[in-house]
Every structure is written in structure tokens, then in C-alpha cells.
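For reference, the chains in residue letters:
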Amino acid sequence: MSSLRICVVYPDLLGTYGDGGNGEILMARARRRGIEAELLLAPSSTALPVADLYSLGGGEDGPQVLAAQRLGEDPTFRSAADDGAVIFAVCAGFQILGRSFPDASGQLRDGLGFFAMDTTKHAGPRAVGEVAVQVGSLLGSAPLGLVSGFENHAGVTSLDDGLAPLGQIVAGVGNGVPSSSGENVEGACMDRVVGTYLHGPVLARNAALADALLRAALSVDALEPLDDATPEALRRERLRLLDLSDS
Amino acid sequence: MTGLRSKTAVLAVRGVNLASRRLGRGQGTVAGGNVGLRIDPGLLGALAAGRRLVLVSGTNGKTTTTALVTAALEAKFDTVASNSTGSNMPAGHVAALAASPDSMVGVLEVDEAYLPQVLDEIPSSVVLLLNLSRDQLDRMSEVRMLAERWQDALFAHPEVTVVANADDPLVAFAARRAARVRWVAGGLAWSEDAAGCPACGGRIEFSPQGWACGSCSFARPAPTWRLGGGEVHAPGTHVPLELALPGAFNRSNALMALAAATVLEVDLGAAASAVALVSQVGGRFETVLINGVTTRVMLAKNPAGFAALLDLAAQDDGPVVVAINARTADGLDPSWLFDVDFSVLQGRPVIASGERALDLAVRLEYADIPHRVAAQLDEAISMAGERGAAVDVIANYTAFWDLRNLR
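Chains as they are written, first to last, in the numbering used here: chain C, 1 to 247; chain R, 1 to 407.
Isolated chain C (complex conformation) (with noise of 0.2 Å):
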């Protein structure tokens, strides 16, 4: 097998959250089991590179104004998830993956469209603080559990009926309207493509999370499991502040 190729996508617009740790984590997942990787830094100043998984992360109004424009006019990416990479884009890379998110003066931008949803700026305070999501299977794994993470937004994102979301929200704002059954819900799921509102970077807090990408990412079914005790401890040490656990 050729090495699996991860990309983080305009980290010099993207990058102002430690989502590129994300890009890092998955990398030293895979060759931590043998397998070759890249990790490939795609500045927005070039064309985008062929890549097995994208990795998105989150940025300023100004910035993610401008990497949407980008991606928009870049070939590669659209072409890339249509052959099937995987995608998953954090925060503000999250929101340009709708059709529409707002500026800094909250007017709507057009997004990529690949989530049926669209972003408004909420009028009340920001949404900061710890997350948990209960996520079940993700692209085909099995249910993952609590996942951790640290959300920090003005953004409310209303997905269409037919996208599903991460998962259900068991302690922070996520995605801040309900779904159509009454739930709060974070995040958003469809295809090979995956969204949410978590730093921490989120991958770093839930190797479990990693794990579902990096397979749908290498096309296989299982993977040779890690030693994660730091990861989990970690996992756990933020959940408990929520009061929460899963096991």
C-alpha cells in the first residue's frame, strides 16, 4: 500500500486553534502501527495537494472568509472527497463546509456546500467552555462514546433533516439549535465527511475518534490497537470536571 497521504489544510488561516495537532496526532497513529504516512502542511498560498484525509481546523472571521474563497476556487478539494477521501474540519473550518457562515460583521458568506446546513452569529455571548457529545458509530466504527472537547464560538449552525449530526450534546452549547426531535446536537456527519465545533485539540482528547477517521481514511476494517492510556486519562480528567463517565 502506498502511504497514506493526511493533509492540514491552510494552516496559516486555519490554524489559530491547535487543530493542526489533530494532523499530527493522526499521523503519529498510523506510523505508530507501522503504517507510512505523510503529513503534508498546505499553505493557502499554493495549490492543494492529493491527499487520502483533510484535515481542517479553526481561525478568525478575516481568515476563514478567505480560506473558504480559496478552497472554493481549488479543484483538488471537491475532486479529492468525491474519490472519497475523508474530511474533517473543526470550528470555523467546520462552517465553510455549509452553505453559508457569517463574516465578522455577521454577514452570510457563501460556504462549500458539502453539509446541507447554514451558520448564523448568535446574538448572546459566546459559546465557551468543556463539551461532551455522545457519538455513536462513525463511518462504520463501533459507537464511540463520550467524546471531549473544548468549543469556543459564535456560531449557530442549523443542520437541513437529512444531515446527521456528530452526535447529542450531554454537557456544552455545540451546534446551539435543536434538531428536529428536540435534541441539542453538536457537529454533523454525512459520507466520508465530518464536522464539529471541539478544540482541544479534539483528536489529542479521544483516540477513539482518531481511530474512526484514520480507518475510513486507510479503507480497512480494523486497527492494531494502541497503548492510549495517556490519551484516555485525559479524556477521563475532562469528562469528570463535567461530572460525567462512560465507563
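Hints are supplied without guarantee of correctness; some may be wrong.
[To be verified] Computed footprint of chain R on chain C, listed as stretches where at least three residues anywhere in the stretch have a Cβ under 8 Å from a Cβ of chain R:
id	segment
1	13-19
2	63-74
3	230-242
[What the hints assert, rightly or not] Coverage of chain R stretches by chain C, computed from C-beta distances (three or more under 8 Å per stretch; other residues unrestricted):
id	segment
4	283-292
5	359-369
[As the list claims (entries may be wrong)] Chain C side only, calculated, beta carbon under 8 Å to chain R, not exhaustive:
id	residue
6	A28
7	S44
8	T46
9	Q107
10	P201
11	E224
Simulated from the structure, these hints should not be mistaken for laboratory data.
All C-beta atoms, glycine included, are put in the ideal place defined by N, C-alpha and C.
Knowing the structure of chain C, use the given hints to seat chain R on it.
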């Protein structure tokens, strides 16, 4: 200062500060300042009137640079008012000025977000802008928005001389419309927040010669102050600079400080000799004994601060304790640990410590840097010093203060 209200307010500030020091509740600067401001909301302007003041702001290096400007001014002036304890909001400014009623000059460290407000309230002579990058992800306003607010505030005060770091695009943007600017080649340890052009949203390209936007005309202003060959080069002159403080970033801080102090007609040579003697600033870079272990204490609060300190740490091979908290004053989200390149610690014994030791441990594990974990600081220092070696401690804000309580 005129008016009974202001005089009463000043007495109240001094009273509270004295009481708070006697009660052992710290320097009392913020408490006293707040009482004073409640009695007289215009107190800051009243206290500042008639003095020549230097305001120091930026994300990293504020406290150190404030101490360096103060030392430089002391080469000429008998007393210099300064909020040397790092209480850098208006209550701290009030307390500092009230505590030093006879000084004709002062140096005030100013929180980045408060700079526009303080500029409006205080007739200032000099504003020194060090750098702008992300700090405290969960609560700091976005850095570009802040640069725009700085720009408007400086434009509204043409009487001020701005001493600006030409190497930081966000600072250059903030000082762009200012009436009087001294551009300084102040260095930039970390440029990842500056890639988007603050003027047009295009992309800033960095090169050894400087930086320029690829889409518009915004580019690095030509600095008239720079370092080179162990000297400070200023317009028409150059003087040697030997610092007691370690690190390239402190040489940059000193350069900025000298460019600011000389606006107040301090002789450059005398000022350079004065800053050379500063050996620690509020405990930063100080070598102290903790649990019998010789410990050099350093403070870094964000990726840019860590980049600067790790550059220094790379020159050594002894044990290192990295201590991370994530309280409100630190920012509640330590995700930025993944923006720090810890690889220079490779080969040194590393202990992850602080309330967020586990976040750090996960980060180090993914970077393949062997380490041990001891959340308690005293335990971590003992562990690091178990073979008798001197220990470097790099701590973020509240962890740094926890450390001071161990002495």
C-alpha cells in the same frame, strides 16, 4: 492634580495599598486603584497630568520591557513611576502613579485590550508596541480586530511617538497611520498569526529580508533602530549592548526599550549601560533554590512566548519542568500546546507538570519526547533535580505564580 475629589481618591488608593500590604494580601495595587477609581472615575488622567509617560503593550515581553524602559529612564530621572508588578489595567496604573507622586516620568505596562482607553485618558509621550499574537484563546478578542482598534487609537493621538516593531505585521499595521513612528527591527519569534495580511486579507510572505503582502502594497517599514554585531544601531550612532538577561528575545526587548527611552532625551549610551544591569524581572529568569534544587524560572504564556524560551532552552541539556495551568488568567483552553514545537527538548529529561499536566503529556507523547508526569510543582522540581543538576522551569502564567509560593 486639582480638585478635592482626586485628592481624596489618591489618599484612598495609598491607604488601601498600605493596608493590603500590611495584611499580607499582596502589593494591593489593584485593590487600591479600584477604590480610587470608584471615588473619582477621572483619577487616571488627573494623576498622569504633567508627567511624561511611556506606555508598553503587546502580547509578549510587556513586563520585561517595562522594567528595561524604567531602568533606562533611571539613568536620567531620579524617580520613575511604574506598575512593575504587572497589574496592567487602569486600576494598576492608578496605583502606580499614586505611589510615586513626585516622579516627572513613568512607564506603564498596558494590557493590549485596554490600550485605546488608556491612550484616551492619559496624555502619553511614547507608546511602545512589541508584538501581537494569540493569547488566551477562549477570551481574547481576535488579534486582527485588536490591531485595528490600536490603529484608530494611535491615529487619534498624533502627539504620541510610537515605537513600533517593524518585524511584526500586526504591529506595523497598528502603527501605520500614526503621526510619529520610530520603526525598530524588534524581531518576531513566531509568525503564524501574521500570515493573513491585516490590511487586505491577502497573504504575508516572510523572507530573511523582511515581509511583504503578496496582494497589496503593505510591507515591512524600514527600521531605523536595529541590532547587529553586539551593538544597538540607532540613527547616526551605535553603542554596545551586553545584557544580564538571557536570550535573543530579551535583546530585542532591550532594543525596543532604548528606542523608547531616548524619546525622553535619555543618553543612549547611559541607557544601554543601565538596561545591561537588569538581571531578573518579577522573578523571571531568576535562579532560586526550591526544595534544595537550583531552579531557573521562566514564564511563557502562549506559542510565541514558548518559541522564544525554547530557543534559549535548546542551548542547554539539563532537566526541564514544563508547568501548564489553564485557569481564567491563563486561558481555559490549552489547545495551543500543539502549536508549540517542543522538539528542542529532545534529549533533556522532561517533566510535565501543572494542573494541565495531562494535556501536556499527550502533546509530548505525540511528539515522541520522553517525559515523566508530576502534576504537583514541588514534586516535579524534586524529581527533575534528583541527580543534583540545576533545573529549568518553564511555566505559564498562574503556574509561574504557584512557583513563587514555593520559595
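Go through the hint on Q107/C and say holds or violated, using the shortest Cβ distance to chain R against 8 Å.
It is violated, given that the least Cβ distance between Q107/C and chain R is near 14 Å, above 8 Å.
Has the segment 283-292 of chain R got at least three residues whose CB is nearer than 8 Å to a CB belonging to chain C?
violated (count 0)
Evaluation of the interface hint that places T46/C against chain R, nearest CB under 8 Å
Interface hint status for T46/C: violated (10 Å vs cutoff 8 Å).
Measuring from the C-beta of A28/C to each C-beta in chain R, is the shortest one below 8 Å?
5 Å, holds
Interface restraint verdict for E224/C against chain R (beta-carbon cut-off 8 Å)
17 Å, violated
For the hint on P201/C, just tell me whether its beta-carbon gets within less than 8 Å of chain R.
5 Å, holds
Are three or more residues of the segment 230-242 of chain C within 8 Å, CB to CB, of chain R?
holds (count 5)
Outcome, coverage of the segment 63-74 of chain C by chain R - at least 3 residues whose beta-carbon is closer than 8 Å to one in that chain
holds (count 3)
Per the coverage rule (Cβ-Cβ under 8 Å, at least three residues), is the segment 359-369 of chain R covered by chain C?
holds (count 8)
Residues of the segment 13-19 of chain C with Cβ under 8 Å from chain R, three needed, outcome
holds (count 6)
For the hint on S44/C, does the least C-beta distance to chain R fall short of 8 Å?
Check passed: Cβ of S44/C comes within 6 Å of chain R, closer than 8 Å.
Hints 4, 8, 9, 11 from the list above are not met by this structure, while the remaining hints are.
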